[in-house]
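A.B. asks: Okay, here's what each chain looks like letter by letter:
Protein chains: 4
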Amino acid sequence: MNKKVAILGATGAVGQRFIQLLDNHPWFEITGLAASERNVGKTYKDTKKWRLDTQLPEEIGEYEILPMDPKKIDADLVFSALPSDVAGEIEANFAKEGVAVSSNASANRMKEDVPLIIPEVNRDHISLIDIQKEKRGWDGFIITNPNCSTIGLVLSLKPLTKFGIEEVRVATMQAVSGAGFDGVSSMDILDNVIPYIKGEEEKMETETLKLLGNMDKDRVKPASIKVSAGCHRIGVIDGHTESIWVSTNQKIDAKDAKNAFLMFDPQLKDLPSEPEKVIFLHERDDRPQTRLDRNIGRGMTVSVGRVRDDFDGIKYIALSHNTIRGAAGAAILNGELLAREGYI
Amino acid sequence: MNKKVAILGATGAVGQRFIQLLDNHPWFEITGLAASERNVGKTYKDTKKWRLDTQLPEEIGEYEILPMDPKKIDADLVFSALPSDVAGEIEANFAKEGVAVSSNASANRMKEDVPLIIPEVNRDHISLIDIQKEKRGWDGFIITNPNCSTIGLVLSLKPLTKFGIEEVRVATMQAVSGAGFDGVSSMDILDNVIPYIKGEEEKMETETLKLLGNMDKDRVKPASIKVSAGCHRIGVIDGHTESIWVSTNQKIDAKDAKNAFLMFDPQLKDLPSEPEKVIFLHERDDRPQTRLDRNIGRGMTVSVGRVRDDFDGIKYIALSHNTIRGAAGAAILNGELLAREGYI
Amino acid sequence: MNKKVAILGATGAVGQRFIQLLDNHPWFEITGLAASERNVGKTYKDTKKWRLDTQLPEEIGEYEILPMDPKKIDADLVFSALPSDVAGEIEANFAKEGVAVSSNASANRMKEDVPLIIPEVNRDHISLIDIQKEKRGWDGFIITNPNCSTIGLVLSLKPLTKFGIEEVRVATMQAVSGAGFDGVSSMDILDNVIPYIKGEEEKMETETLKLLGNMDKDRVKPASIKVSAGCHRIGVIDGHTESIWVSTNQKIDAKDAKNAFLMFDPQLKDLPSEPEKVIFLHERDDRPQTRLDRNIGRGMTVSVGRVRDDFDGIKYIALSHNTIRGAAGAAILNGELLAREGYI
Amino acid sequence: MNKKVAILGATGAVGQRFIQLLDNHPWFEITGLAASERNVGKTYKDTKKWRLDTQLPEEIGEYEILPMDPKKIDADLVFSALPSDVAGEIEANFAKEGVAVSSNASANRMKEDVPLIIPEVNRDHISLIDIQKEKRGWDGFIITNPNCSTIGLVLSLKPLTKFGIEEVRVATMQAVSGAGFDGVSSMDILDNVIPYIKGEEEKMETETLKLLGNMDKDRVKPASIKVSAGCHRIGVIDGHTESIWVSTNQKIDAKDAKNAFLMFDPQLKDLPSEPEKVIFLHERDDRPQTRLDRNIGRGMTVSVGRVRDDFDGIKYIALSHNTIRGAAGAAILNGELLAREGYI
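So the sequence lines, in the order shown, correspond to chains E, X, Y and V. Under the working numbering, think of the first position of the first sequence as 13, with each following residue one higher. Under the working numbering, think of the first position of the second sequence as 13, with each following residue one higher. Under the working numbering, think of the first position of the third sequence as 13, with each following residue one higher. Under the working numbering, think of the first position of the fourth sequence as 13, with each following residue one higher.
Don't take every hint at face value.
One copy or any two copies: either way a pair holds, since identical chains are not told apart in the list.
Said to hold, decoys possible - Pairs of lysine-lysine, DSBU-like flavour, derived with a Cα cap of 35 angstroms:
#: 1; residue 1: K83; residue 2: K267
#: 2; residue 1: K267; residue 2: K57
#: 3; residue 1: K60; residue 2: K267
#: 4; residue 1: K233; residue 2: K263
The hints are simulated quantities; they were obtained by calculation from the structure and are not laboratory data.
Here chain E stands alone, though its shape is the one from the complex:
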């Protein structure tokens, strides 16, 4: 399996992660990097400065930035790291021209005929692709992954669904990288908490229902769960920590939940980006910790810990790497699923 892939929005925080993660990928080869008008024609290394702690692969640094034009890009699959305000239209252009788009942008996520996928959670929703193509008359299609804060939550909820989840409350402590390179000023975050991230709570509260919903003929019937989120930004670089309360209609205690976490095996080991353990259960009281545990499974594992009985169900901590499992890595895993399932 050898597929040509391109990245839309290649110069931003998520774009750089795509490049880092796709370097030496066994199935995918980067054939194009596209970015906004003002960077077109420059070589990649002369655009935004590289801000990851591994070196920019030399060969990639020499790529010429292409325009966001499906005709100028030769790829079986494009990964979109575009800002949401422009993603909707550009991604549609690519899909119309027959290209498969695996998008990290929020623009198309909640559209009825667009699959919102976490392979370990709801890969059967991928059948929406056929409906989408038929309905829109496109040769290509768009598939999306959830918001960075939704992914850690939903992956940890998935093994608990068998107990009949009724209510979920989640308070997040989110890393600054989630807002992009210039999204959070240092003056706003040093010695500080910002108790608000625009649109974030709504995303967690709606995307969760679609992800945990079931295919009902040609659409997804949202799960009937109540979700309430409080989203907060704190001064960590990478890694979203979430404090989660879950109540269920069947009896559940901490031991049940731990067993469910331990037994969870989505059978996806054949996908190159799938980690050894999707959920890593920590037994120490003081874990997971953001800096120490965000890179488990090369950033694709969700850490779960402090699983405790609560007056009405259980409570626990989940931690996931927001720009890997929560963004670039999520879209790449979706791309791998597309490849395995023959969609590209």
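Once you have looked at the hints, place chains X, Y and V on chain E.
C.D. replies: Only chains X, Y and V this time, still in chain E's reference frame:
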């Protein structure tokens, strides 16, 4: 009103706050500073280094450290900033000898005959003093204030009690100063979250019930509320931020809650440490912020913001200064209440 | 003495400091706040969010933002917190129209007929005002204060000039507030050092010579000192710490230098913003510390410590508050000097 | 080549790095972990919590902690991560019993017959081993590496020695990990700089002379260079950044220095821990940056940047990883040198 006060445990993080807040206090004059054995006899400025960002009052710096011995200390009231493992016995020694003790330590808080007081919340519980003195045959007595993370929560819950609070869930983002000068290593908190603070969740879950309980003859009948806490340490210096969900047995929406916060007036303006507003309601989405708002009301005000409707009640943010409103300032306010009520 | 003052660039990080420091100023009353086109006509509180940890004075919050037009502003003195790229022209417009301008911008600092003043260092340079007015045919004039990193250095060098300073090397550890609200991204500074601040080293190396130079007829003859600066940004909010090496042509040791720091008295106590001590000498090895000492003298004092013998002179640490002593406070002190000397 | 190695002080910050770096080492196999009395007999994973962001190798986690007794440890070479106050005696005990000791502790570094080695700088000093063994009548011996802040400085000075270094001034910005897990309290470093590290400046000023000195018969004649250091602690996890001024007796400019850095090749590629480039020269103005560049060469490369002309020589920035190149990695590289040279 002019009372002599002493501080037990005067060299620690909370001890230094006591000195800072009592400097130029209109009612109280510091007549003694006591600390552990190894510091006795030293002048205060030669013990632990002063780590507040105001200067150590010069005169206080020259005080000689006294032993924790009620006979060696001449005071109408002692404030205790002792670690809990030694506080129980030492505080009792003082009370036996006829001294009034206003303690920030947890050792005695939950004892049936010890008042646990926030003046704006449950000052009628002060009558436990008479029961305590009689029962124990002491001339003095012990009064306590709650844990730093409990105070912000309970002050913000108080105005909501009229709606019949049933369930409370709270996720904290707590400052490092709450653990004392050496409580949190820098290697543990830079670029990190520690999702565990020993004993903290239990304190929030039990103290809240005592504080919101009612006097029932000679004891406090705990409130019948369910409280579940998740406590997390983050890299801010001062200020505990709390993300709170409240459900009530009467209908409540965000507007009701905001009105309750705005109307809250505990009628305590005659106490010198009482701030202009006990609860400050923020209307901007991105407030309260730890660094910007922790000092409102000289650190004695609880900031409340982001009051939102929830699927089962409301949710909001509370912020309070953990070593002022949550520790030294709380004990001083209790001391002022004792003075006004004639207990000292 | 009661003067009307206005602020140009009132919405930025330094603009907010001007408002904070001028609130209740004994000599100056704010009569106008000007900002860029897009904010003109708005009320101040509806422009950029207030980001200081004291509350925005309510009355000031209601001011209407004025355009940068001398005809629309009624003031004896304007303080300029403008970005350097626009400051040159706008400040000249005000001076032409007869207004006195005390500027924190770098645009005009090094011009031959513009005084660059630290009152405690070179207030005799103020006579350049008369030369400037005559040469340019202006009714008003411009006076400037140095760059934030220069001020701490030069104030600490001043008492040492009697030993004949020959060479100065300085490594800075600068706060993020020096770059304005959005100048440093959190992703660039958490767990990081940026070893470069554009233009900063050149400013330190040239402004120092002008400040320590002597009036020679109608111009300043720069001091013949060699200055070499290395400027670094670190993750602190406020306060520039500087590690300084000084060699002199007369013999100097740490004791001499300490005496010089202790004896330094610029005789300016009649200016309202002048602190009790301009230079505070710390004797503890581990001081000055940024967070603990930046606010000494309400942010107008320079802390000096760790004065040590070196193989070729002395070395020491200087700390100053970059947006108070290093910016808004510096310009206000210059304004006070203008008022006392009858220039306004 | 297959050598048995043990670690003394295996539970601390540097001890954990040894374990991390020795995992899968091609020449060395860990056969023993020793720690202080109170941990002896425990399994490693039950001692101090593991605080690196890679997982503790499972097999190592099961090792039983041994006492610091040469008779209980079976190793060709022991690495010492002991605190200096106990290192002197314990290391001597091992050397007496015939064991080779590669120590990161400062206790023995400046002793006349103990080699202080950076392989790329002064590997000929290794001949002191024979002198040491003879003089002391030991079968084993002690070899040391320099202090974490010295290593980055001296590695970057080495290529410049051909210009005749006369004076060096260096201001450090040092990471908290250099002080061990509990060495720096979070309250002391958040939003702060501590301008003092006990003993650090003296170490930099003396070790540098020994390292750059020449073997003169049976001892090292220190280099006749003047070194002056200012050491400062800041809030970064790992990586010491140093701002360095060098003056030489031959003419030197930035271009000369850059060439020297680029051409530097110590011919040690056959040692497993030797990085591809010992010195990495950065050309961007804003590099090296601590978080982004500390891991170049798996933490064994020293980054150099901002090489500039100065009034009296040159100035530049050096960055090195303090617990890898500056501690555990340094001792391991010395161990590899011992193996190659047949000392073990």
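A.B. asks: Now tell me, hint by hint, if it's right for this structure.
C.D. replies: Taking the hints in turn, this is what the structure says about them:
1. K83 with K267: Neither: 55 angstroms inside a copy, 46 angstroms across copies.
2. K267 with K57: between (51 angstroms within a copy, 24 angstroms between copies)
3. K60 with K267: between (48 angstroms within a copy, 27 angstroms between copies)
4. K233 with K263: The answer is both: 25 angstroms in one copy and 30 angstroms across copies each meet 35 angstroms.
In terms of the numbered hints stated before, the structure departs from hint 1 and from no other.
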